[in-house]
Every structure is written in structure tokens, then in C-alpha cells.
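Undergrad: Residue-level listing of the chains:
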Amino acid sequence: MAWRTHDLESPKKGFKLIVGVPDVGLVGPIAASFLIKSLNLKLIAYFDSDDMPPLLLFHEAKPLLPVRVYGSGELCVFISEIAISPRVMPSLARAIIDWATKKGASGIIALSGIPVPNRIEIQNPKVYGAAVKPEDREFLKKSGIELLKEGFMSGVHALVLKECLVKEISGIALLAEAYMNYPDPGAAASLVSTLGSLFGIDVDVSPLKEQEEEIRIKLRELMKRTVETMRQAGKEYEYTLPAMYA
Amino acid sequence: MAWRTHDLESPKKGFKLIVGVPDVGLVGPIAASFLIKSLNLKLIAYFDSDDMPPLLLFHEAKPLLPVRVYGSGELCVFISEIAISPRVMPSLARAIIDWATKKGASGIIALSGIPVPNRIEIQNPKVYGAAVKPEDREFLKKSGIELLKEGFMSGVHALVLKECLVKEISGIALLAEAYMNYPDPGAAASLVSTLGSLFGIDVDVSPLKEQEEEIRIKLRELMKRTVETMRQAGKEYEYTLPAMYA
Amino acid sequence: MAWRTHDLESPKKGFKLIVGVPDVGLVGPIAASFLIKSLNLKLIAYFDSDDMPPLLLFHEAKPLLPVRVYGSGELCVFISEIAISPRVMPSLARAIIDWATKKGASGIIALSGIPVPNRIEIQNPKVYGAAVKPEDREFLKKSGIELLKEGFMSGVHALVLKECLVKEISGIALLAEAYMNYPDPGAAASLVSTLGSLFGIDVDVSPLKEQEEEIRIKLRELMKRTVETMRQAGKEYEYTLPAMYA
Amino acid sequence: MAWRTHDLESPKKGFKLIVGVPDVGLVGPIAASFLIKSLNLKLIAYFDSDDMPPLLLFHEAKPLLPVRVYGSGELCVFISEIAISPRVMPSLARAIIDWATKKGASGIIALSGIPVPNRIEIQNPKVYGAAVKPEDREFLKKSGIELLKEGFMSGVHALVLKECLVKEISGIALLAEAYMNYPDPGAAASLVSTLGSLFGIDVDVSPLKEQEEEIRIKLRELMKRTVETMRQAGKEYEYTLPAMYA
Amino acid sequence: MAWRTHDLESPKKGFKLIVGVPDVGLVGPIAASFLIKSLNLKLIAYFDSDDMPPLLLFHEAKPLLPVRVYGSGELCVFISEIAISPRVMPSLARAIIDWATKKGASGIIALSGIPVPNRIEIQNPKVYGAAVKPEDREFLKKSGIELLKEGFMSGVHALVLKECLVKEISGIALLAEAYMNYPDPGAAASLVSTLGSLFGIDVDVSPLKEQEEEIRIKLRELMKRTVETMRQAGKEYEYTLPAMYA
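Residue numbers (the working numbering), protein chains in the order written: chain G, 1 to 246; chain S, 1 to 246; chain E, 1 to 246; chain V, 1 to 246; chain U, 1 to 246.
Worth double-checking, as some hints may not be accurate.
Remember, identical chains collapse to one label, so a pair may be satisfied in a single copy or spanning two.
Here are the computed lysine-lysine pairs in the DSS-like style, where the Cα-Cα straight-line distance is at most 25 Å [said to hold, decoys possible]:
#1 167 with 102
#2 224 with 12
#3 167 with 103
#4 133 with 37
#5 141 with 218
#6 13 with 37
#7 141 with 103
#8 62 with 167
#9 42 with 218
#10 149 with 62
#11 42 with 142
#12 103 with 133
#13 13 with 224
#14 42 with 12
#15 142 with 12
#16 12 with 37
#17 224 with 133
#18 13 with 209
#19 12 with 126
#20 102 with 12
Think of the hints as simulated: they come from the structure by calculation, not from any bench.
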């Protein structure tokens with residue numbers, strides 16, 4: 001379950017790392033990918049493990065590992081283009097935080113979705129926040145982001161926050177209302193807009209909404225495999241309250 | 001199967017550690033959680049393992065690991081808000097006893113339930129006791145607690161006592177009559193009352209009984225997952241007598 | 001698959017170790033338990049492993065590990081009150097022989113059963129013998145015990161003899177005609193009588209026969225679990241002849 | 001998952017290594033085998049692992065390991081005559097690249113197929129290319145080979161390119177349009193022709209086409225087993241676009 | 001998957017080791033056992049592993065490990081009386097060759113069968129040969145043994161030859177036409193006769209043929225278990241040709 005990292009370039013000290021890994025509605029990777037393309041970020045690192053399926057990607061004829069980091073200035077984006085099995089989630093979360101710490105990150109922002117049954121009736125999916133440090137929670141609240149108050153969070157973004165908590169690093173999660181089992185570019189658009197207003201990133205999200213149907217079709221296989229991983233990851237706990245606060 | 005502990009604060013030397021882990025009727029975590037809230041105990045340590053599902057909790061918007069210890073003065077409470085698979089039970093029991101020993105605990109009290117078929121007809125579930133040391137058994141008897149005489153005990157509380165036995169530490173188990181497969185706040189109330197009279201802890205258990213239906217609904221998922229772990233843990237032995245005393 | 005031993009007291013050098021582990025008709029643990037009670041043997045050691053189910057026993061309100069050794073003078077009895085899965089059989093057999101050797105045992109006597117289809121018609125189940133050393137085989141024959149001549153033996157008692165063979169220790173197996181899938185106190189009585197006449201142990205076996213039905217009911221769960229382990233342990237080989245002597 | 005290599009002879013420094021491992025239409029091993037026979041290459045190394053099935057080959061009565069390397073002058077060919085399970089793919093890919101690097105290879109060319117639904121209507125299967133280094137992509141384009149632009153590649157050839165990418169070695173993949181689940185000598189012929197024109201290897205491929213039906217029947221079992229491995233290797237991702245470029 | 005060996009006596013330097021392990025028609029162990037009995041060979045070593053089923057054998061009331069070596073003068077015979085699972089085949093093959101090399105063997109002869117559909121019509125099953133070294137192939141041909149020319153060989157005997165190939169030891173396989181799924185003493189008789197004429201071993205094989213039906217019944221269980229292992233061992237490859245020679 002060991003992960004290897006291959007650095008191509010070093011990010012700027014004090015950078016923020018946005019993390020988008022397949023989960024509810026694939027909103028993490030959709031938003032991460034959109035940011036990378038819109039902001040023209042450069043590929044700076046690969047993550048690799050023998051426990052991943054034997055896959056290589058091609059983009060504009062160039063080979064790419066499916067799990068990698070892009071960056072420019074003080075913004076870096078971690079993206080996985082393949083589903084992560086629950087078995088390797090803990091080691092991946094730790095590898096991400098180890099890499100970020102070693103490279104001098106000032107904070108982590110993990111993206112994901114919250115499944116809502118009436119998603120079809122929602123025009124602008126709301127974004128909820130969660131944060132490890134009190135000052136980050138304060139910052140989110142002041143910026144108008146409602147905080148997740150009680151309950152479970154499951155997946156790589158949950159483990160990323162857990163590592164931040166244990167290692168006392170600034171860690172934020174942003175979760176958009178989303179379809180659970182359908183790729184949801186609209187929810188990803190909400191995440192990107194929120195990132196924009198929180199961190200002053202200027203990106204026009206309208207293309208995400210325009211290509212909704214197209215994206216949905218193209219991501220069928222990734223969604224299918226992600227659904228399987230969510231089933232094994234204790235996602236069902238998310239719809240219940242912890243014993244202590246029941 | 002290794003467990004990591006993260007200490008936030010040190011308990012007071014000579015403290016007693018109450019252990020509530022999901023099992024019969026979830027009485028352990030329900031009672032543990034009620035004690036933590038009623039006595040306003042402080043979070044003092046996390047337990048973590050890569051063999052646990054990828055979950056993080058939130059309470060009042062603050063992130064929490066699902067397995068942790070609270071304490072104040074000479075009372076500490078260990079609680080797990082997620083089911084423990086039989087595969088990791090031995091290492092968890094050992095991690096609990098190792099942590100308690102290192103921190104200077106004077107004794108362990110593990111909480112659980114004894115399933116009774118006629119639970120529905122019982123107003124005040126009776127609490128049975130078990131103890132590793134003769135003086136603790138004497139203390140329980142004098143306090144009016146009937147001792148478990150013959151039979152098997154299965155689960156994390158059984159392994160916690162086993163570690164106490166092998167390492168010659170004071171270990172007590174308190175087991176309330178309970179529903180096996182339904183969250184049982186009434187049985188948890190009996191445990192809390194018993195703890196109160198045994199150790200002079202002053203807590204009003206009436207809220208536990210009033211919120212019975214509410215708690216039952218909220219803990220559905222945890223109960224469901226706990227039932228699965230009990231099936232794998234040799235719980236069936238509990239309803240038989242050991243060969244030697246047959 | 002490692003086993004830990006916890007010694008409470010040391011046996012007398014030159015002691016004989018009787019081994020009773022769940023197998024055909026549970027005759028091993030039934031006979032072992034009867035000897036321990038009849039001869040009033042003292043608990044002297046525990047055997048423990050993380051690969052065993054998470055169980056603790058209680059007897060007269062005292063906690064006990066399910067796998068342990070009793071002894072007095074030159075007689076020790078090893079008993080397991082739970083079924084042993086084939087996966088841990090080799091390490092257990094080795095742990096038994098290592099412990100016995102370290103403590104200065106002069107010989108091992110493993111108890112088990114031979115399933116016979118017409119058991120119901122047999123009043124006094126016959127006891128067969130097997131031994132690693134020629135002098136032990138001679139002793140058995142002289143004492144009127146018919147030796148097992150050709151065939152396979154499967155289970156912990158087979159592996160215990162194997163370790164004796166490889167390490168050149170005196171090892172004997174006594175096998176009573178028994179029901180395969182029903183607890184068989186009558187067969188256990190035959191074993192105890194045989195032990196009595198072979199080693200001058202004076203025990204009245206009539207209680208075993210009188211409590212037959214009672215014992216059978218109490219050991220249902222242990223029998224059920226033992227049947228599963230026998231199915232995985234290559235027991236079927238026992239009803240065939242080895243190729244070499246076919 | 002360790003691989004052992006047994007060298008019989010050393011290849012010439014600066015050699016190119018062609019890799020043919022069972023995958024889509026078995027085009028890799030069919031082309032590799034045809035090259036070895038046509039160019040009369042010599043056996044120079046074996047690859048072996050305990051995770052492979054217990055098989056030995058015979059050719060002209062001489063025993064051969066199923067995974068091996070042939071070579072002459074500056075051309076070496078790696079061939080596996082048995083299906084590779086996804087579990088051992090990463091270690092095999094790394095073993096190939098480690099061996100090639102140690103022996104002084106100047107580049108790797110991995111052969112495989114791209115399944116096309118209308119294969120039956122195609123007379124001359126087209127060959128697509130992929131390359132790790134820009135100069136190799138340029139070379140392929142100049143030679144009239146269309147590059148694979150967007151998408152996933154799955155299997156040993158994908159992992160071989162990944163290792164080349166990470167270790168900055170020249171790595172090329174050539175992929176012929178092929179039947180997915182039928183051995184496809186016609187597609188293999190296209191690969192051999194392409195290798196011929198790219199690297200000046202002079203081989204007449206007409207025998208491959210003439211023996212098409214014969215080869216298909218003989219390779220049934222290898223194809224059957226390869227289909228199973230492809231199902232587990234995330235091949236389905238290949239028919240979708242990565243999230244980032246959707 | 002480690003194997004332990006226990007030596008009782010040392011074979012004579014330069015000895016030949018005949019290997020009979022359960023496979024097609026059980027011809028290996030049947031022939032091995034017949035040789036041991038006919039030539040009155042002495043038990044000289046045991047092979048043991050925790051990955052084998054928990055079995056011990058008895059012959060003439062003496063305990064025996066199921067995997068062992070017999071010998072006298074320059075002839076040794078390795079026999080396994082239980083089926084070998086594919087998972088432990090590689091380590092067993094290596095343990096055999098390591099033991100043989102350490103003891104100074106001059107060559108290995110592995111026995112097995114080749115399943116033929118019309119076995120019932122064959123009076124005298126033909127014996128095919130295979131050998132690692134050219135001089136051994138020459139010897140077989142001169143002695144009138146037809147060599148296996150093209151194809152796969154699967155099982156412990158295949159791996160034994162593979163180890164001989166890799167370590168440059170003289171290794172021969174003799175394979176008799178046989179029933180795949182029925183014990184085949186007739187085929188074993190052919191093997192023994194061939195061994196006789198090749199190495200000047202004088203044995204009358206008529207008892208093998210006379211006890212055919214008896215042996216078949218006695219070896220039912222071993223055959224049943226062997227069939228299962230063959231199914232997992234890639235035996236199906238044997239009925240196809242390698243890609244390279246298709």
C-alpha cells in the first residue's frame with residue numbers, strides 16, 4: 001500500500017493544495033480538472049502505487065499517470081482520474097499530506113459532494129464547509145459558507161482532513177450538494193465559484209454548465225467504479241448521526 | 001492492524017477508564033456518550049488505524065476521529081462511534097490497555113449488554129458484573145451486583161478483560177440486560193446508574209429514557225454494522241457453556 | 001499466527017501432558033475437562049493468539065482464557081474450549097510442543113476420536129492407540145491397546161504427534177470410537193478409563209455417562225464450529241489409505 | 001510478487017527491446033513470436049516468478065520458461081506465452097525496465113492492440129502510436145504513425161510506458177486495430193510491418209496472414225485466460241475519456 | 001510457504017532422485033510407492049510445511065509425514081501422499097532441488113502422466129520423455145523414448161524441471177499416457193518398466209496391474225483432491241500450443 005511520488009517541479013512555499021478525488025457526483029475531479037485547465041496550471045508531480053489498476057493516460061498525445069498534482073504560484077491542485085479503493089485510501093491520504101508538508105503547503109482544501117435526494121430541483125447547488133482549525137471555520141462562516149455541524153464524512157477527503165487534524169495542519173473541506181451516482185458538473189461549478197470567492201481565484205464556470213450532458217456521458221465508467229468504492233467505504237454512516245450526539 | 005494514539009492531554013494518574021464499544025444493543029457507546037456529555041468530559045486522545053473505514057466525524061462543526069478518549073479528573077471514557085471488525089478487535093483491546101497502563105490507569109471498566117429474549121417485558125434491565133481480580137469481584141458483590149458465573153463473553157470488552165487478566169490489571173465488565181439487535185438506551189441507563197452507585201458518579205439518567213425512540217432511529221446504521229461484526233465474533237458461543245463446566 | 005503463553009505456575013519436571021482439542025465427537029476436551037475436575041488439577045498456563053475468536057470464559061465468576069493448561073504433580077492437561085481453525089493448527093501444535101519441551105515434559109498424550117458409523121450400537125467404545133516411539137508402541141500393545149496400523153490422521157492431535165516425531169519426543173495418541181458430529185461423553189469415558197489403566201490414574205467415569213444428554217446439549221455450539229474446521233482439515237483423507245500402502 | 005531473471009547471454013549495448021505480452025487480440029505475443037522466428041533471434045534471458053502458474057514450455061523438445069527474452073545484435077524481443085494477472089503486472093513492468101536499463105537498452109517498444117467493433121470489415125488494421133519522449137512522438141508522426149491523443153491505456157504495455165515515463169527512458173507503444181477477444185494475426189502483421197518500416201527490420205508478414213485460422217485455434221486457451229485478466233485490469237476505462245479532458 | 005526438511009539418513013553422493021507427486025492419474029505417487037516397496041528402500045528424509053493440511057500417516061503402526069524421501073544406494077524416491085496446492089508448488093519444487101543439490105544428487109527424474117481421451121483402448125500406455133540437458137535427450141532417444149516436442153507442461157514435475165533448467169542440473173520427466181481423473185496403476189506400470197530399462201532397475205510390475213481395481217478405490221480421495229489442484233494449475237494450457245510455435 002506504499003505510494004511513490006515523482007516530482008517534476010517544486011511548488012511555491014506556502015502554497016494551498018486543492019484535492020479532487022472521485023467520490024459523490026465526481027465533483028472533486030470535475031472541479032479540479034476545470035481549475036487546472038482554466039488557470040493553465042503546470043504538471044508538477046505524479047503519485048503512483050502498485051495497488052492501483054494498471055493504467056496510463058494520454059492527453060494531447062502525452063502520457064500521464066492517473067494521479068498527479070498541478071500548480072502555478074501559490075495554487076496547487078491534486079487530481080485522481082481513477083477511483084480509489086477504500087483499501088488504499090488511508091495510505092493515499094497520508095501520502096498527500098506528507099508530500100504537501102514536505103513541500104511547504106500552508107493549507108489543504110479537499111473538494112467533494114453531499115448527496116441530496118432533490119438535486120434535480122436545485123438550480124444552484126449550495127456549498128457546505130468543514131475545517132480543522134477554528135480560524136478556518138471562522139473564515140468560512142464570515143465568507144457565508146454554512147458549516148457541516150453534525151455527522152460522518154467518508155472518503156479520501158475525510159481522511160485528508162483527519163491527517164490535517166492529527167498533524168495540526170490547516171485543512172478545509174468544501175462539499176457541494178450533488179447527485180450521488182451521476183457526474184455532476186453543476187455541483188462542481190458551485191465548488192469552483194466558492195473557491196473563487198474564498199481565495200480570489202477568477203474563473204468563469206459557465207463552460208462547466210454548458211457541457212454538462214457531454215461530461216456526464218464521458219465519465220460513466222469512472223462514476224460506475226466510484227460508486228463501487230463508496231459502497232465499501234462506510235458511506236452509509238453519513239446518513240446517520242454519531243452515537244454521541246444522537 | 002497497528003493502532004496509533006494521538007494524545008491531546010494527559011489524564012490524572014490513577015484514573016479509571018470506562019470503555020464503550022459497539023456491541024449488544026449498542027449499550028456501551030450509548031452509555032459512554034451520555035457520561036461524556038453529562039459530566040462534560042474533555043477530549044484527551046484519539047485512537048486511529050488504517051484498518052478502520054475512512055470516516056471522520058463532526059460535532060458542533062468540529063472534526064473528530066470516531067475512536068477517542070474523554071476525561072476529567074480521575075474518570076476517563078473510551079468511545080468508538082463505529083463498529084469494530086473482529087479482525088482488529090485483538091489489536092484494539094491491546095492498544096487500549098497499553099495506553100491506559102502508560103497513562104497510569106488504576107482500573108478498566110468495560111460496558112456491554114447481555115441479550116435477553118424477554119427484554120420487552122423488562123422495565124429496569126438488570127446489570128451483571130465480571131471482574132479479573134478477586135477484590136473487584138468482592139466489591140461488586142458487596143455493591144449488590146450479581147456476578148456472571150459460567151459461560152463465554154465475546155467482543156472487545158471480553159478482550160479488554162483478557163488483557164487485564166494477562167497483565168494483572170484491575171478489570172471490570174458491567175453488562176446490562178438488553179436487546180441484541182436494537183439500540184437500547186434503557187439498558188444504557190441501567191449501566192450509567194450502576195456506575196453512579198459503584199463509583200459515586202452523580203448523573204440523572206432520565207433523558208436517556210425519554211429520548212429512547214429518537215436514539216434508536218439515529219443509531220440504525222451503527223446497529224446494522226455492529227450486528228454484522230457480532231455474527232463473525234463467535235457470539236454464538238455465549239449461549240452455550242464451556243466444555244469444562246458442561 | 002503466533003501464540004503467546006502465560007505461565008502461572010511451573011509443572012513438575014518429567015510431567016506427562018495430555019492434550020484435548022475439539023475434534024471428532026469433542027472427546028478430547030470432554031475427557032480433558034473431566035480429568036481436570038476429577039483430579040482437581042490447578043490452572044498453570046494460558047495459550048493465546050490474535051487469530052482466535054475474541055472470547056473470554058467465566059467459571060465460578062473467574063475469567064479464563066479458552067485455551068489453557070492445568071496440572072498437578074506429574075500430570076498436566078492441555079484443553080481448548082473453542083474450535084481451532086486449520087489455519088492455526090500447525091502453529092498451535094508447535095506452540096504446545098515448544099512449551100512442553102521448555103517445561104521438561106517426558107511425553108505427550110493426545111486424545112481424539114475415530115468416527116464409526118455404527119456408534120449407536122456400541123456400548124463400550126474401543127480405544128485405539130498410536131505412538132511415535134517403538135517403546136511406546138510396545139507399551140500400548142502390552143497394555144492391550146490395539147494400534148492404528150494404516151491410514152491418515154488429521155487434526156491438532158495429528159500435528160502434535162508430527163512435532164513429536166520430528167523432534168524425537170515421546171508422543172502417544174489415544175483415539176476412541178465416537179460419533180463424528182455429536183458430542184460423545186461415552187467415548188470420552190473410554191479414553192479416561194484407558195488413561196487410568198495405562199498411567200495409574202484413578203478416576204470414576206460413571207458421571208460422564210450419566211450426564212451424557214446434558215453434556216450433548218451444552219456443547220452444541222462447540223460441536224457445530226468443530227464440524228466446520230474438520231471439513232477444512234482434510235479429514236476426508238482419513239477414510240482412505242495412503243497411496244504407498246494401497 | 002518478486003521476479004527473478006536468468007541471463008543466458010548479454011544483449012548488445014544500445015539495443016531496442018520489443019515487448020509482447022498477452023492482451024487485446026494477443027497481437028503482442030503473436031508479433032513478438034513471429035519476429036523471433038523470422039529473424040532467428042537467440043534466447044538470451046528468462047523471467048520467473050512464484051506468482052505465475054506452474055508451467056514449463058517445450059519447443060523442439062527443449063524446455064523453456066514461458067516468459068523470456070530473445071535477441072541478436074541491437075534487437076531484443078520480450079515475450080510472455082501465458083496471461084499475466086493484474087496483480088503481478090506492476091512488478092513485471094518494473095522487472096522488464098530494470099533488466100533493460102541494467103543491460104543498456106536505448107529504448108523500449110511495447111506492442112498491443114486497440115479493440116475496434118468493425119474489425120471484420122478492416123483489411124489492413126491501422127497502427128496507432130504513443131511515446132513517452134517528444135522526439136519519439138515526432139519520429140512516429142514523421143513516419144506516418146497517427147498518435148493516440150486522448151484516453152486511457154491499460155495493461156502491461158501501459159505500465160511499461162509508465163516506468164519509462166517515470167525513469168525518463170525512451171518508451172514507445174504501437175497498437176494495432178484488433179479483435180478484442182479473438183487472436184488476431186492480421187493485426188499482428190500490421191505491427192510487424194510497422195516495426196519494419198520504423199526500424200528497418202526486413203520481414204515478410206504474409207505467413208502470418210496465411211496461417212490466421214490455424215493460429216486462432218491454437219491460441220484459444222491463452223486468449224480465454226487473457227480475457228479474464230483484461231476484465232480485472234480496468235480495461236473498461238479505455239473506452240472513456242479522463243475526467244480532465246472530458 | 002517455507003518448507004522444512006528433516007534428514008534421517010544421507011543418500012549416497014551421485015544418487016538419482018525420482019519424484020512422484022499427485023497429478024494426472026496419480027501415476028507419480030503410484031509408481032514411486034511401488035518402487036519404494038519393491039526395492040525395499042529406506043526412509044531417509046521428511047519434507048514439511050505449515051501450508052500443508054494437518055495430516056499424519058501411519059504405516060505398520062509407524063507414524064510418517066505425508067511428504068518424504070526413500071533411498072538405498074544411488075537411488076532415491078521422493079513421494080507425496082497428499083495433493084499439492086498450486087500455491088505451494090513453486091516452493092516445493094525449489095525445496096526438492098535445493099535438498100537434492102545439497103545432498104549431491106547427479107540427476108532428477110520426475111514422473112507424471114499425459115491424459116489421453118482413448119486411454120480405455122490402450123493396453124500398454126506409452127511413455128514420453130522430456131529433459132533439460134541435450135545429453136539426456138540424446139540418452140532418452142537412444143533408449144527408444146519419444147520426446148515431448150511442443151507444448152506446455154503443468155504441475156510440480158514441470159516446476160522441478162524448470163528449477164533444473166535454471167540451475168543447470170540434469171532433469172528428466174517421464175510421462176505415461178493415462179486417465180486424467182482416475183488413478184491409473186497401468187500407466188504407473190509403464191513408468192516403472194521404463195525406469196527399469198533406462199536405469200537398470202529390476203522390478204516386476206505385474207502386481208500393479210493385478211491390483212488395479214483395488215488401488216483405484218483406495219485412492220479415490222487423493223484423486224478427488226488432486227483434480228481440484230490441477231484445475232487451478234493452468235493444466236488447460238497443456239492442450240494448446242505456445243504462441244511462439246502456433
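Undergrad: All the hints need checking, so say for each whether the structure fits it.
TA: Hints, one by one, checked against the model:
no., hint, in the structure
1, 167 with 102, "both (13 Å within a copy, 22 Å between copies)"
2, 224 with 12, "neither (36 Å within a copy, 47 Å between copies)"
3, 167 with 103, "both (15 Å within a copy, 21 Å between copies)"
4, 133 with 37, "between (30 Å within a copy, 22 Å between copies)"
5, 141 with 218, "neither (36 Å within a copy, 27 Å between copies)"
6, 13 with 37, "within (22 Å within a copy, 42 Å between copies)"
7, 141 with 103, "neither (29 Å within a copy, 38 Å between copies)"
8, 62 with 167, "between (36 Å within a copy, 15 Å between copies)"
9, 42 with 218, "within (24 Å within a copy, 46 Å between copies)"
10, 149 with 62, "between (44 Å within a copy, 7 Å between copies)"
11, 42 with 142, "neither (32 Å within a copy, 28 Å between copies)"
12, 103 with 133, "within (20 Å within a copy, 27 Å between copies)"
13, 13 with 224, "neither (37 Å within a copy, 46 Å between copies)"
14, 42 with 12, "within (12 Å within a copy, 39 Å between copies)"
15, 142 with 12, "neither (27 Å within a copy, 39 Å between copies)"
16, 12 with 37, "within (19 Å within a copy, 44 Å between copies)"
17, 224 with 133, "neither (34 Å within a copy, 33 Å between copies)"
18, 13 with 209, "neither (34 Å within a copy, 55 Å between copies)"
19, 12 with 126, "neither (31 Å within a copy, 45 Å between copies)"
20, 102 with 12, "within (12 Å within a copy, 36 Å between copies)"
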